[in-house]
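Chain by chain, the residues:
There are 2 protein chains.
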Amino acid sequence: MYKKLFIPGPTHVVDEILEAMAVPMIGHRDKLYSDLHGQVVTKLKKFLQTNGHIYLSTSSSTGMMEGSIRNCVNNKVLMTDCGAFSKRWAQIATLNGKEIDLIKVEMGQATTPEMVDEYLSKGGFEAVCITHNETSTGVMNPIEEIGALVKEKYPDVLVLVDAVSSMAGTEIKVDEWGLDVVLAGTQKAFALPPGLCVVTVSEKAFQRSLDVENRGFYFNFEELEKKAIKNQTPATPAISIINALNVQMDRIFKEGVEARFQRHLDMAEHVRSWTRKNFALYSDENYLSPTVTNVHNTREIDVVNLNAELAKRGAMLSNGYGDLKGKCFRIAHMGDLQVADVQWLTGQIDNILGL
Amino acid sequence: MYKKLFIPGPTHVVDEILEAMAVPMIGHRDKLYSDLHGQVVTKLKKFLQTNGHIYLSTSSSTGMMEGSIRNCVNNKVLMTDCGAFSKRWAQIATLNGKEIDLIKVEMGQATTPEMVDEYLSKGGFEAVCITHNETSTGVMNPIEEIGALVKEKYPDVLVLVDAVSSMAGTEIKVDEWGLDVVLAGTQKAFALPPGLCVVTVSEKAFQRSLDVENRGFYFNFEELEKKAIKNQTPATPAISIINALNVQMDRIFKEGVEARFQRHLDMAEHVRSWTRKNFALYSDENYLSPTVTNVHNTREIDVVNLNAELAKRGAMLSNGYGDLKGKCFRIAHMGDLQVADVQWLTGQIDNILGL
Numbered sequence: 010m011y012k013k014l015f016i017p018g019p020t021h022v023v024d025e026i027l028e029a030m031a032v033p034m035i036g037h038r039d040k041l042y043s044d045l046h047g048q049v050v051t052k053l054k055k056f057l058q059t060n061g062h063i064y065l066s067t068s069s070s071t072g073m074m075e076g077s078i079r080n081c082v083n084n085k086v087l088m089t090d091c092g093a094f095s096k097r098w099a100q101i102a103t104l105n106g107k108e109i110d111l112i113k114v115e116m117g118q119a120t121t122p123e124m125v126d127e128y129l130s131k132g133g134f135e136a137v138c139i140t141h142n143e144t145s146t147g148v149m150n151p152i153e154e155i156g157a158l159v160k161e162k163y164p165d166v167l168v169l170v171d172a173v174s175s176m177a178g179t180e181i182k183v184d185e186w187g188l189d190v191v192l193a194g195t196q197k198a199f200a201l202p203p204g205l206c207v208v209t210v211s212e213k214a215f216q217r218s219l220d221v222e223n224r225g226f227y228f229n230f231e232e233l234e235k236k237a238i239k240n241q242t243p244a245t246p247a248i249s250i251i252n253a254l255n256v257q258m259d260r261i262f263k264e265g266v267e268a269r270f271q272r273h274l275d276m277a278e279h280v281r282s283w284t285r286k287n288f289a290l291y292s293d294e295n296y297l298s299p300t301v302t303n304v305h306n307t308r309e310i311d312v313v314n315l316n317a318e319l320a321k322r323g324a325m326l327s328n329g330y331g332d333l334k335g336k337c338f339r340i341a342h343m344g345d346l347q348v349a350d351v352q353w354l355t356g357q358i359d360n361i362l363g364l
Numbered sequence: 010m011y012k013k014l015f016i017p018g019p020t021h022v023v024d025e026i027l028e029a030m031a032v033p034m035i036g037h038r039d040k041l042y043s044d045l046h047g048q049v050v051t052k053l054k055k056f057l058q059t060n061g062h063i064y065l066s067t068s069s070s071t072g073m074m075e076g077s078i079r080n081c082v083n084n085k086v087l088m089t090d091c092g093a094f095s096k097r098w099a100q101i102a103t104l105n106g107k108e109i110d111l112i113k114v115e116m117g118q119a120t121t122p123e124m125v126d127e128y129l130s131k132g133g134f135e136a137v138c139i140t141h142n143e144t145s146t147g148v149m150n151p152i153e154e155i156g157a158l159v160k161e162k163y164p165d166v167l168v169l170v171d172a173v174s175s176m177a178g179t180e181i182k183v184d185e186w187g188l189d190v191v192l193a194g195t196q197k198a199f200a201l202p203p204g205l206c207v208v209t210v211s212e213k214a215f216q217r218s219l220d221v222e223n224r225g226f227y228f229n230f231e232e233l234e235k236k237a238i239k240n241q242t243p244a245t246p247a248i249s250i251i252n253a254l255n256v257q258m259d260r261i262f263k264e265g266v267e268a269r270f271q272r273h274l275d276m277a278e279h280v281r282s283w284t285r286k287n288f289a290l291y292s293d294e295n296y297l298s299p300t301v302t303n304v305h306n307t308r309e310i311d312v313v314n315l316n317a318e319l320a321k322r323g324a325m326l327s328n329g330y331g332d333l334k335g336k337c338f339r340i341a342h343m344g345d346l347q348v349a350d351v352q353w354l355t356g357q358i359d360n361i362l363g364l
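Quick note, the sequences are listed as chains A and B, same order.
Numbering-wise (the numbering used here), the first sequence opens with residue 10 and increments by one.
Numbering-wise (the numbering used here), the second sequence opens with residue 10 and increments by one.
If you are wondering where the hints come from, they were derived from the structure by calculation, not from laboratory data.
Please note: incorrect hints may appear among the correct ones.
Intra- or inter-copy, both count: the list cannot distinguish identical chains.
Pairs of lysine to aspartate or glutamate residues, derived as DMTMM-like cross-links and limited to a Cα-Cα distance of at most 20 angstroms, are as follows [stated by the list, open to error]:
1. K286 x D259
2. K85 x E222
3. K96 x D24
4. K54 x D44
5. K85 x D126
6. K263 x D275
Kindly produce the complete structure, drawing on both the sequences and the hints.
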């Protein structure tokens, strides 16, 4: 029995997208591919409000998180630890031989411009890495304000953003907000199968990368750019997913970008209300994520059992991540899920728990 | 109109595999995924005759070519240049800050154990990288003999093999031949869509990697192993392609492994005979590839025009690669193509060219 996914990735994929995954193969040096690639990039530029570079990386987001560090940082980078995924990005920087300083944020709280300012004022940083939507805590960090701060006070510092679980679920004005690198996998709010990462790169970040040592090849912006100008990729790309992304971009524009983001907020509002009534919100009310809600398990229910019962009814949610396992559970409301879906889900949970 | 792909990747994908790409999504930390992952790995171990580690990398082969270097080489590695793809691997090693020595092989000729011996005897190498099947020249290099040589005379040197366009089209006895890392993308002889790379890693290579500096995260064997023991991956994997690979492994065993390799030889023999009759084989007759034939364009036909005519008839072949553009053209005979397909193709070419 299919379990509808209310987990923060992979998310539920609609039939039209599954069909787009099953198209016959084409050559990646053929005009058919270049046309496809060009269409996808044009649509993404409009959607993400950027005139910068856009690369399609055949990898999960984690690959390009590593890539962005290798491209943009010679020596030292400011990282955050506001949950499992920002912490992992810091680990990636270290494993790539970069010196880091780490902003330790209390779990469930946001990374603020003030924190970033305090650390950057020490000097010596080439970039700061911000996790837009921390999937493990359900916090959305204020990247617009952080971008504005860095642009004004630290114009030489690049702003790299992990928008893995926010892009396509909430507005990101890449150029206006001064974001140099913004990356996201396709299996979250884009609601496609996993295996592809979309990344925007500002001209400033691109030029800076040319002077960085030991950038490697696979995620190297320079290598990606050499082929991007021909609407191609250096290595064979995940053609099926790129085709599905092209179809999905049309679906997004058909729904309307504003309507899409409002739908995410509407789903979030329903889940938050239900959470406040029956449990408690784990995270700071001022920075709640529009794509995933972290439910503080104040009733100490058995989350594994709850998921087992939900499975019988055709749904799946996520346990708390890492240290929050059992203490929280997470309901994702992103991608192609509808308000009726999350209403149905909370109704099922009420029924199972006798709420 | 669909063009049947006689190019050396992506290759023609049959309907049953396309359907397997379109299955509903599952969670990558769910038991459903672990079961799938475990099944695929078990089948691959049997197919590749190895008891070593097998990792599924969500990337094209190029990503893991970089990864294998980062995992296995601290300082110096022996590379070859026997065509465009071996040359690129050497470039990747350099871009990752490794010192290389390069065996320059004449185009169309094989990399021999004698050449490898000559270079390795200089000392100081941690690994040697061999391109099994050089897709740009249609040469299959003798990795069995090279593996035997290294095992006997240079037991501390790791043997890394790019089997991108050979794996699943010809037998590779990973353990018996002493191959430490063998990697291949899924869009060549596996006949799946691109976006996934299969890599085998010997215990010796794995242990060696633990002492290598600056291995990064995404392709890091240690990180892959931590999750592989739970039949998972560190980052979200390309679930659709892994599902298609599982279906394809069953199809391979159903056809019979021997029968599959014989079919590749039969297709190759037909294309070689046709080539000898009408053009000439570009590459050394002793090392002809069973998966792709490089046709020396002795008639100086216009390859672009030929492909345009073939397109009208629903087929596509490849021009010569790099310096060989126009001087050669390539006919791939791998994956799920049948002898009747290549017979049909050469018949169409005869008809177009009036041969």
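*Of the numbered hints stated previously, which ones are contradicted by the structure, given in increasing order?*
1, 3
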